Amino acid sequence: MQIIVSGLIFGFVYGLAALGLVLIYKTTDIVNFAQGEMAMVTTFMSFVLLSQLGMPYFVAFALALLFAALFGMIIYHVFMKRVQTSPPLNQMVLTLGLFLVINGIAGLIWGYHPRSYPEAFAGDPFQIGSVFITFNELFMVGLTFILMLVFYLIFRYTRIGLAMRASSQDMVAAELMGIKVSHVFMSAWAIGAVLGGVAGIMTAPFIFLNTTMMMDILIMAFAGAVIGGFISLPGAVVGGLIVGVYENLVSYYIAPELKMVYTFILIIVILYVRPQGILGGPKFVKKV
Amino acid sequence: MKANTRKIAMGLLSLLIVTMLAACGGGQTTGGNGSENSGDQTDESNAVQGVTDSEILVGLVGPQTGPAAFFDASRKGVQSYINYVNENGGVNGKQLKLIAYDDQYQPAKTVQLVKRLVEEDKVFALLSPVGSAPNLAALDYYKQSGIPVIMMGTGQGKLVDPPVKNIIGESVINYGAEAKVFLDYAVNELGAKKIAIAYQNDDLGKEGLTAVKDRLGQYDGVEIVEEVNYLASDADFSSQAQKLKNADPDVVMNFGTPATSANLKKAMYKIGLKDVPYINNSVGANDPNLFKLAGEEVWNGTISGATLPMPEQSDDESARLYVERFSQDYPDDPLIGVGQSGWASAEVFVEALKRTEGELNWNNFLDAFYTFDNWDGSMYVGVTFSENNHFGLTSLFMTEAIDGEIVPISDTIHFNPETGDISY
Amino acid sequence: MKRILGERKLYLFLLVLSMVIFPFLVGQSGYFMSLFVTACIFVISAMALNLLVGYGGQISVGQAGFLSAGGYAVAILSQKFGLSIWLLLPLAGVITAIISLVIGLPAVRLRGHFLAVATMGFGLSIPQIALNWESLTMGYNGMSVMRPPWLSGDLPFFYLIVVTTLVVAWIITNIVKSGMGRAFVAIRDSEVAAQATGINVAFYKTIMFVISAFFTGIAGGLYAYWFGYVSPQDFTILTSLLILGMVVVGGLASIPGAVIGAVLFTVIPHFTDAFIGVTNIVIGIAIILIIMYRSEGLVSLVNHVRVPGKDDRVKGGV
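Residue numbers (my numbering), protein chains in the order written: chain A, 17 to 304; chain B, 55 to 478; chain C, 1285 to 1602.
To be clear, the hints were calculated from the coordinates, so they are not data collected in a lab. In this text, all values refer to a predicted model and were calculated from it rather than measured experimentally. Virtual Cβ for every residue (Gly too), placed ideally from N, Cα, C.
Derived CB-CB ranges, DEER-like:
#, chain 1, residue 1, chain 2, residue 2, range
1, A, A138, B, I456, 14 to 24 angstroms
2, A, L265, C, L1389, 24 to 34 angstroms
3, B, T264, C, W1434, 31 to 41 angstroms
Pairs of lysine to aspartate or glutamate, EDC-like flavour, derived with a Cα cap of 16 angstroms:
#, chain 1, residue 1, chain 2, residue 2
4, B, K320, A, E135
5, B, K260, A, E273
6, B, K297, A, E273
7, C, K1364, C, E1418
Reference excerpt, derived from the structure (chain B facing chain C, CB under 7 angstroms, subset only):
#, residue
8, T119
9, Y155
10, D156
11, A162
12, K169
13, R170
14, E174
15, A187
16, L190
17, A191
With the rest of the complex left out, here is chain A (with noise of 0.2 angstroms):
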């Protein structure tokens, strides 16, 4: 039980990296390598506010956000966008370039040893059952919920959400219905971003605050978000929670150094049942 409970924390952050991952994908295209290189430099800038000058966790936290927001926009403008009519594949090469050039500048200006990275609430462990859980964990599980439900709903419901949705299907003809593409593809970078960087934040007190950090959880995300369908923002999180408890029973009941063959093992069992993922419709015979 213990088991499946700590999987589905786990689950729970590489769901919402995997959420980050996905809306870019959905709204641009692009498959972003650079992903959890940019959610480590907002960590590692909510570090410097919370641990250098000193401010409130909550504080540090909403700062690192806007700048986690701001980051995004900056990518997209300076790079991105320059390369939007290019094919996918040289999107996906130049965000390659970008996770290399943002965590090498972060080597250089962090340097690559661990650091302990405070939670948002500390306090002991206490037990429901057989099973031990944190205040922490459980607000963890809280925050994606919430940033699931609501991003959901924006998508699905608002208008930016309509104009992410069209500019997804077709670039052109949304441009001539008076959509500004560039205002909603940068809007998915700066959320994408900001989903990252609540990621990257939730799990530098677990695996410690570190440049190197965030490559194991994207990859994670990368299956999380492939297992949901990669278009599915539910499916992105189900994803998630699928790999995050899988990967827990892998570990305790077969073996913890295959875990990672073992998941990428039934990655190909599902998209070889389902090429289009879990939660993915039909809608993804798109021309590559």
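Once you have looked at the hints, place chains B and C on chain A.
Relative to chain A, chains B and C alone:
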């Protein structure tokens, strides 16, 4: 069709030209020493390179970026000590110059860069090249070139056992030797019978595990009740902690790195496995930063071993110097174990240079190491070399984490790698 | 026609000549020969990936897995059975090709980013398996690989690698020009249309993976022999991503492009390794600039300009 072939030819040609340009760039710095290559290999005993009247070139390869870049602190420790030595007149009037390259912990790059250091930069010796796999990959080349390789940044046994003339010492105590001492300590001092082991799934963890298993037969009625492993990159340790708890052990031993050790302890603490003695290897425990990573209450009580005193808590002369100089050279870096072992390795290196008799060449330099007999002039508690012992670090003391400090709880313990004897 | 033919011969002659004399130009330096060999290994890998990505339109982020598999195939078979290198190098390719079916078969049904993530998982899994299958691979310690005695010197082996690279380049050029190559391109441009013209899409997609894996496996085998050591640390996800970067930066669906990309990425570290922690930043900046300002890849520069000044331009892109 034809045009296509031509393009390929052009592409390959540009490959060549670019590489040649690169070669020429490198060639200028070596200044036409190319013909000496063959000389080095035939007459190794008196070989010398990288030494001038005013300078000794020292090479180092290690990860400066990427997932293993944590170990770059070792280079900083080396650099910091070299700066100190140079400011105080150098060694026998010669300044030391460190040339360091980034291999990103990829063995192929290590081999390539070691060749660059030896053949292009023509360094006198390699000091503290980092990592197990990278050094293992370069091992053949080390043997073949005869370049002195001093205090490699790992505790992997295969590099120094069986001993090779020009490969001397490791900056971390051998993982196996340490694990054997821990087992002895757990059984004799803590009275443990049921031992649970957690280990990181790499050479660091596995060498520890194997060593404990090898030695287990020497103690009556002592058994391993659980083995769990994890990856260096793991973040979630709940399943491992659960298994350890279910086994109901007398002692938990862990062989890992700082981040994983802290995480495991946290996960154990969370589910209530907090009163069983917990012994952690020195790589994963000798770092006051752990009180921050794991939380002070969680980390308290952790037992470990150390070959180096805790900086800032020790009155050891070189530890004091290290704290002063390292924090001056690298104000943003923590004074943790990795930087310390880099510094201490450089101390061993410089001491050997000073002890070298006659002309400074590879042979005389390497012979100087055999004069180290439990030398305590460096930050290490003791450094010993002999023809059959290239481990270097075979002495350690036990420590315990108490209220934010890592405190020695035993005198120096010696492990004899030739006989396997442990003496307190 | 005659003029072009003459020019082509001249280029090929110059090329072979410079490859032959390269070791002597650098004073048989082990370092520069290793650099050159690394470039050759990545040239083969990038050409093989280009077949998949550039011609076939299938994204793969798992090329490192093929390199590892090829390297381990050589290491294991030479250690356990002492087979000759002539048998082992093609065998490394064949074994890798068989392993690639694990990903090649399901890949038939996948597209775009789904395929990218599935192959990424494959690339990550191979080193994990190598790490844990200790009885076969000796786990974390890695395995050393002995070269046959007559190739123990670096010089003869260097030429073997050069010849292999040339032969692979020649074969891949011919595959691209063959009916199979045209089928790949047809699938890339439209699967539906390809199907309609009677191309067996599933078959060709699988075969694409197999061929790509075969050559990358050989590159992995060469790697194992040259460095004499394989370990699970050799090829990471970063390697896979960089090979993909080489292909795109050099120029998709262009064999010289793959070559240029591979060489560029191998040579950059030579100039940056001495500066602390900047190598990846420089490579990253190169990728960003090239994609932003040369979306066709570097090869588009070579196509426009003839011999004089060609290399200046290539370097100018850095």
